[in-house]
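A.B. asks: Below, each chain spelled out in residue letters.
Protein chains: 4
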Amino acid sequence: MLVVMKQNASEEEIGRVVDQIQAMGYDARPIPGLQRTAVGLIGNDGRVDSARLEGLPGVLEVISVSHPYKQVSREWKEEDTIVTLSNGTRIGGSEIAVMAGPCAVESRGQILETAHLLQEMGATILRAGAFKPRSSPYSFQGLGIEGLRYLAEAREATGMAVVTEALDAEGVKAVAEYADIVQIGARSMQNYALLRSAGQCGKPVLLKRGMSATIKELLLSAEYLLAEGNGEVILCERGVRSFDTHTRNLLDLTAIPVVKSLSHLPIIADPSHGTGIRAKVTPMARAAVAAGADGLMIEVHPRPEEALSDGAQSLYPEQFADLMGQIRVIARAIDRDFVPSLHGVAPAVTAS
Amino acid sequence: MLVVMKQNASEEEIGRVVDQIQAMGYDARPIPGLQRTAVGLIGNDGRVDSARLEGLPGVLEVISVSHPYKQVSREWKEEDTIVTLSNGTRIGGSEIAVMAGPCAVESRGQILETAHLLQEMGATILRAGAFKPRSSPYSFQGLGIEGLRYLAEAREATGMAVVTEALDAEGVKAVAEYADIVQIGARSMQNYALLRSAGQCGKPVLLKRGMSATIKELLLSAEYLLAEGNGEVILCERGVRSFDTHTRNLLDLTAIPVVKSLSHLPIIADPSHGTGIRAKVTPMARAAVAAGADGLMIEVHPRPEEALSDGAQSLYPEQFADLMGQIRVIARAIDRDFVPSLHGVAPAVTAS
Amino acid sequence: MLVVMKQNASEEEIGRVVDQIQAMGYDARPIPGLQRTAVGLIGNDGRVDSARLEGLPGVLEVISVSHPYKQVSREWKEEDTIVTLSNGTRIGGSEIAVMAGPCAVESRGQILETAHLLQEMGATILRAGAFKPRSSPYSFQGLGIEGLRYLAEAREATGMAVVTEALDAEGVKAVAEYADIVQIGARSMQNYALLRSAGQCGKPVLLKRGMSATIKELLLSAEYLLAEGNGEVILCERGVRSFDTHTRNLLDLTAIPVVKSLSHLPIIADPSHGTGIRAKVTPMARAAVAAGADGLMIEVHPRPEEALSDGAQSLYPEQFADLMGQIRVIARAIDRDFVPSLHGVAPAVTAS
Amino acid sequence: MLVVMKQNASEEEIGRVVDQIQAMGYDARPIPGLQRTAVGLIGNDGRVDSARLEGLPGVLEVISVSHPYKQVSREWKEEDTIVTLSNGTRIGGSEIAVMAGPCAVESRGQILETAHLLQEMGATILRAGAFKPRSSPYSFQGLGIEGLRYLAEAREATGMAVVTEALDAEGVKAVAEYADIVQIGARSMQNYALLRSAGQCGKPVLLKRGMSATIKELLLSAEYLLAEGNGEVILCERGVRSFDTHTRNLLDLTAIPVVKSLSHLPIIADPSHGTGIRAKVTPMARAAVAAGADGLMIEVHPRPEEALSDGAQSLYPEQFADLMGQIRVIARAIDRDFVPSLHGVAPAVTAS
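Chains as they are written, first to last, in the numbering used here: chain A, 1 to 352; chain B, 353 to 704; chain C, 705 to 1056; chain D, 1057 to 1408.
Treat the hints loosely; a few may be bogus.
So the derived label-pair ranges between C-beta atoms look like this [said to hold, decoys possible]:
hint, chain 1, residue 1, chain 2, residue 2, range
1, C, GLU850, D, GLU1134, 36 to 46 Å
2, A, SER94, B, MET376, 17 to 27 Å
3, B, ILE497, D, SER1120, 55 to 65 Å
4, A, GLY229, B, ILE497, 18 to 28 Å
5, B, ARG460, D, ASP1083, 42 to 52 Å
6, D, GLN1078, C, LYS781, 54 to 64 Å
7, D, ARG1164, C, ASP731, 48 to 58 Å
8, B, LEU464, A, GLY25, 23 to 33 Å
9, D, ASP1393, A, PRO57, 54 to 64 Å
It is worth saying that the hints were derived from the structure and are not from the lab.
Glycine residues also receive a C-beta, built at the ideal position from the N, C-alpha and C atoms.
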């Protein structure tokens, strides 16, 4: 950590920074420059709170050289974390895992029909929201516990694993009971109470990047989960907010190799929310895999035009089958495997 | 609401949009154009869920002409909402309300000392966090209930009202018991479970704009509070995320007149978080009042260099006294009052 | 085009909008709504200037339903534009074109050495700046005409085509004389005088997306080139400005399929500027091709550590050879060809 | 300047950074840390090109501690620069200067009528575009030289100074001949050839901040002007690009105190482009002055509904008169003067 002093900082002010650093238990090393002096903090173990230094008189800025996170970093754990689900799907290894399903559980019939379709097409993880965070209080908010039960039924019927979102501590408990992966959505990435609950829930957690979260903030939120003892964390890039309204969000695929160099955790991409446009989902799914994603989360609805939410970005089942074929080819091209479908046969679809 | 069709949309696809609109209980009016047809939805009462239309085949985009919120809008209630606190401070009327205090409650002594200082200088509302949302799990997270008790003690001692943040449903209950205003922080703006709790807590709510929330999203989050029956809502502009690292956030003061034209709710500004730099707080506080803000939230610490968080943006008490003087002059210049200090005497400070 | 009136707009104000639309030579169709009236403008040929309507009293906003560009759109020309260079390289067809080279021409030796290396590795277009736009007046600004001569020499020696940037009208003439493609850089995307010069220069133009340009603005800038009669335009996604400093820019790969659906023009990606980090160039190059890019622009330097600019994002030659192998595999996987190398033999590199 | 090494950087790589720094003529000082080593560059005179270091093997990032600009900085010149025009208006002193007028010169009659109106109301500088940069090639592009002649005529008739935009080197010459201030628009902020022309034109220059330019980039562009010997530079904040479409741009008023602390140059604000909405211009003009702006640039049109461009953000003359009254009151409140109107009498308008 480097404490940069203002140009006209006095010797006394520099001395005070040195004293404060030493009082915090670290070594201080002043570095005089032509324009200004900086004071290096030596021995930062990733826990230094820069706020204790920023407020001192004469300080211009505090620059972090070390990362503020620990357990999520490659330096803490060099080998890739692989999350293994009870149905055998592995996320973070050489395989590409595919999570697919509708935005929301709308009815028992809808989710069972979808799960059977997707399982046939080779997806091994079923996604669908039972608790829906909606920007308007007047929009459909999900079926709640009833939705979780339908998901569990679909799981029994198809062998697929289930991932679904929790919005509060109570929801984490319910989701952890019925599903295989607890999803923390983009709007909740900095809901630290929720992160702590999820860190203690005993199930793998899918953590989505917030709407305007930096990669550092995403990793710090993941650190909350690991700090609670839950090392089975999957990150998810789902697009950030930007100035162009052509797409719903700006899918930041570079985040994938950046995260993989900084952290041992697996990272997947969600091109459905990342683009918000059905016709862009397949090319961006291909691109995500080519960029190194460990998996994909894709919205598919048996009849998107009847969807209660996100219909515009949900694929038709035949589009999803085609996407699976294309992903398989890209995966092979970069020497990655494709998660074998649950019925033991490579789905009979081909790239177009 | 206008459903814009793709250029090559078929008659059948247009017909389907018309049918869907009618099935939702509204009138549909196709508008043929040179390049493409659009279908107008007539009779939108602000509750139409565009997701039901976006997924239909042949639809290019759905454009909202009406607002998606209701009770927060000027059209629902024309006159300004004024929130009155038990110590007589009014927010949203002709007066400028000032909330001031340290980032966090650090100790009983610190908060009592600060409250006395601020009350002397004319602030009537004390701010300080007992529950702190911190991006790192290793940073100071606040004193919790103990902090709330110290705040209540400071309230007794000075007559100041208290505003402090709640992070979850349990916290809302505790804050509502000890404080006058329940604050929902920027990171929680789309924590809908929390909004519902706050909407039912029986105390006024201060709702801060999220890091990258649009004004529409801010108003939709406020709608959650009003939909629960709580009309005493104060909005707060605290800066949005941007690309320039010179300031911590980009304080969007234009949001103030924009919100005031769209909504009857009061809006204040937080130039401390909005800039993140002590030296910029005073000019931006002046600017916020000149732009029409109904109040200010300012971080002040008796000894910023010892602050456990946000020291770099906390004012020294004498700087705050000077700011109060400057704000008073600007307020008068635009024919607004200044909230009278609690000891009945205009504080003896002057603008510089 | 839809002119949305304020809620309290008078009949007279609505009438005035109708009159203005008719005076501009179009049909007007008022659409009454529950909250407000809108007036549709029928017959928009893409040349309506909305500014003439936005200023009228009672107007809330003007919403464009048609695109403001014409000749660049798919609707104007349905089949893909293919730009063919004199050395046989085709951009916009089934092949992936690769432009590679150092950020700047630094010396005759450097550019000749690089060109020979790259041609051996299969690149068919040489990139290098002779005129460099630099944010500081004290940074290296390029060799100018001398640089262009070295590029021409490298072209003679290797058979590679040359692309290089022009910064003003005079520069366009010089570049058009020595090179095969005139590049308009990101900072110049809205330099309309320069666009007009480039539109008249008789050579293909590579137009880079501006730092914070929307896709619509990119296409409008391309329209300037086509309006001057130059249809040989190649677009380039090179990253947009964002809030995260982990990467130099945020490479917006979704822009590729979005542009391809809106326009017939080819689009390539520049992952070197798009990421600014050497180690992220190869995965993002793969991702760009998987997303549908018609080509790549890659910075390669024989000795990046000696580069006068952009050394941190320049590949080492052996990294580039490896990238070429990986791109070839991805291209095949999505049924695209790879531009044959100029010496008639597939370069002897393999994917890793 | 601090060169941060990767965690696993070898001694040899660190040695190479030290050698390169010394070869560039500076001192190098390695600072070992717990996680990684950094190398300080001592003696940076603001001209170090970090690109020479970023490309070296083992380098993680290069952090600038010094500013990359020189002559624009407060450290180069401590006292405020004051630009004095031939009609006596001073920009950068204690007075608030007001530049007002229509977006574009549309006709001789329009500009003469407007100038007389504005001069009566107390503005001393006339703004209007003769050369208009328009995103569509089909929009009105300005009257060119003819427009400059009308502006000069208005100047003769009213005594107002004239500011108008130049788009290329030729335009700079023409504008410098007819007008008092050469404006460089937001889209041209990084058109370095244009900046050099403007730096040599012998007239004061108004430099607008680019759409997504950081404050550092704005100051670097100003440095181009000063490096050419032109010290009469006025900066202008006019809003940056953001994600919320409620306003045309996001007016970044905090840039005003930030620029004033970093630089001695005057800075004004343009709330017309900064908001894009007529009703928001007056509150944001007040806020800009309260934040410390040295002046304002305001779009006023005698009949905004007939404006050929930017009608929606142009004030009606009576709104401008009202704004002048409000600004005067705010200026006085912060102990600033108001530029005396040219007819020697304080305009007879009052704040409302």
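A.B. asks: All hints, please: hold or fail.
C.D. replies: Going down the list of hints, with the structure as the test:
Between C/GLU850 and D/GLU1134 the beta carbons are some 41 Å apart, a value that agrees with the proposed interval 36 to 46 Å. Distance hint check: the CB atoms of A/SER94 and B/MET376 are about 48 Å apart, inconsistent with the given range 17 to 27 Å. Look at B/ILE497 against D/SER1120: about 45 Å separates their beta carbons, and that is not inside 55 to 65 Å. Checked against the given bound of 18 to 28 Å, the beta carbons of A/GLY229 and B/ILE497, roughly 25 Å apart, stay inside it.
Checked against the hint of 42 to 52 Å, the C-beta distance between B/ARG460 and D/ASP1083 comes to roughly 50 Å, which is consistent with it. The hinted window of 54 to 64 Å between D/GLN1078 and C/LYS781 holds, with their beta carbons roughly 58 Å apart. For the hinted restraint 48 to 58 Å between D/ARG1164 and C/ASP731, the CB-CB distance of approximately 34 Å leaves it violated. For B/LEU464 and A/GLY25, the Cβ-Cβ distance of about 30 Å falls inside the hinted range of 23 to 33 Å, so the restraint holds.
Separation of D/ASP1393 from A/PRO57 is about 33 Å and departs from the stated range, judged on CB atoms against 54 to 64 Å.
In summary, the structure is inconsistent with hints 2, 3, 7, 9 from the numbered list given earlier, while agreeing with the others.
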